[in-house]
Amino acid sequence: MTASPPQTGGPWRATGTVAALVVGGLGLALLGLLLGRADVSVLGAPLVLGLVWAALTRPTEPGEVVVEGAHQDPDSARVRASVRLEPPAGSELALLRVGSPSHRTVDVAVAAPRSRTVGVSVSGVRTGRQRFFSVVHRETSVGQVVGTAAIRAGPVTLTVLPRTRPLGHLPLPPRLQGLTGSHDSRRVGDGGDLHDIAPFTPGDRLRRIDWRVTLRESGRGARPGSLTDLHVRRSLATADAVVTLVLDSRDDIGRDISTWSGYAELHPEEATSLDIAREAAASIAKAYLEAGDRVGVVDLGHHHRPLRPAGGRRHLLRVMHTLATATPSGRARPVVRPPQVPSGALLIVFSTFLDDQASGLAATWCRHGHRVLAVDVLPPLDRGRATTGERNVYRVVDIARADRLWELERAGVETVAWHELAGDERTLAIGLAARARQRSRPR
Amino acid sequence: MSVADRARRASASARVALFAERLVATARIWSPSKSRPLPRVVADIGPWVPVWLVTAVTAGVAVASAAIVTRGTVPWAIVLATIAITVAQPDGPGAGIFAVTIGVLLVASGTEPFAWPLYVLLATVHLVVVLSALTSGLPRRARFELALLVAPGRRFLAVQAVAQPLALLGAVVTGAGVTLPWLPVAAGLGLVVLAWRLDVRVGDDGDG
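Going down the list, the sequences are from chains X and U.
If you're matching positions, the first sequence starts at 1 in my numbering and goes up one per residue.
If you're matching positions, the second sequence starts at 1 in my numbering and goes up one per residue.
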């Protein structure tokens, strides 16, 4: 949770209500005197009394406002916070104008004679580091005779972590690593599935002796009936998979192709390509880490040190934060040398493949012997608002992109579009197999 | 028509179409949220009404007050102008000018001093000024929390509890006589009951 620094209100100044009370109260009193009508003077008495009351109780100390407790609601796609008002004695009304980027502002006039909090929230599916809740605040006193100038509190910065979806079967790298894990490796050791039956050697555990085979083999030897050669059952050792998530954070584009130029505002309830990439990477990372495997992250947009593969629940949080803070910044430099990845790792590349960089790296890794999956994170597009020119440009871009994906498949990279993995339980392995079947079907 | 003419005409129409599309694109850049409105920030407050509704109530009370003492077209034009100023610019002396206008009209209507309209006007003119003050400086579409009416309502009753007996005292002192002595008392009691109901229904929901 984050909070903005507290903002103190300015000095109290007279408002236009004072003029109304003075003109009304004194005007009626004078009118009554001039006309010799006491009832007209009495008509102004409530206004004078109200002015006196308000003047006696007017505040002198400045108030305070702070935006605090900004957090991501795990149950709904909302970000919530509290606006805490600390008005001085004599304050009565607070006007709040609460805004947030890509949201319409709301104006609320609330009773604030004492400390109170006003809950505020915004909807949206966008993830990453964002700013929320800019509050413009103004207070008026009892009778609204004095008021403060508008002061601004917030915004607060919050890192919205990507949501994860349950995943079913996951693909594995060709070579597993480590001395223990949750998958059967091709190495002999203490595991589950049977590898073979071999003669007993020093170091083998006695409980691994297969007495049935030993007796059968003993009956065939030179001295039938005597136990000469013991045989043991050898099983496959378990090992863990190393998965490297390669995030292409250089693009962050929405569904509406007319917004790709960067002039128009993206709708907060439509996920961009980077939001989809974050969700896909987070879902896959969570699934692998829960299976006991190791996951690392490489960000193609930033050439800093990658997140090394590791396992565990704390590492999942590190992965989530790495994904959430990956944003396009400035002009991305071309990658001269492919980032180093562990040998035998499964590489999953998340990109829109709108240029050659990510696809080139994926093909290079594939040639180096890695198993590489390419997850296409381009959202389903909306061309309704695009001009003819924009539609024509997109057609050219789309043709180049389709060629790129076809070249990837030819190079041996398995490709899948994240939004095509429909259903509550997205199954990456089944999605890949379906794509493979689709490709192999004769046309 | 020659081929060159046809090509020139086609080129001109294409240029016009391109220009129109550019115009549309420019308009779209400056109003990006027209096709799908952006969501609004949600503020969790107690029961509320829009500020324009409070302003409408203010105008209604002002017109009702004026109807008691206004006779003739010209006085109505004047009083409606003052009401318009009060409603359009509540953060100004409009409500005070309205009160003075009502005072003038009270005299001009030929009503006897300290007759029953005075007691009604004491409450309604005060109410117009209080409501006008509450909405001063607030955007018309802002949400007005109903709990805001509790403290001004209590203050209104307290001031009326002093002003109505003051009017009665004035009637006695000036010898005007009290034609309907029960009216201010009944009105005061009614206001107390109204304020109590308002306090029970609104105060607990929105206060604090």
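Please keep in mind that the hints were generated in silico from the structure rather than gathered at the bench.
Among the hints, a few may not be true.
As the list claims (entries may be wrong) - Under 10 Å between C-beta atoms, here's a sample of chain X residues computed to sit facing chain U: (1) V23; (2) V98; (3) S100; (4) R104; (5) G147; (6) P338; (7) P339.
Each residue gets a CB set at the ideal place from its N, CA and C atoms; glycine is no exception.
To see whether the hints hold, each was checked on the structure:
Taken as an interface hint, V23 of chain X checks out: its beta carbon lies about 3 Å from the nearest beta carbon of chain U, inside 10 Å. Restraint check, V98 of chain X versus chain U: the minimum CB separation of about 5 Å is within 10 Å; hint holds. Contact between S100 of chain X and chain U, as hinted, is supported at the beta carbon level, the nearest pair being about 5 Å apart and thus within 10 Å. For the restraint placing R104 of chain X at the interface with chain U, the shortest Cβ-Cβ distance is roughly 4 Å, inside the 10 Å limit, so the hint holds.
Checking G147 of chain X against chain U by beta carbon gives a least distance of about 7 Å; that is within 10 Å, so the hint holds. With its C-beta approaching chain U no nearer than about 39 Å, P338 of chain X sits outside the 10 Å limit, and its interface hint is violated. The interface hint given for P339 of chain X is violated, since its Cβ lies 37 Å from the closest Cβ of chain U, which is over the 10 Å cut-off.
In summary, the numbered hints that this structure violates are 6, 7.
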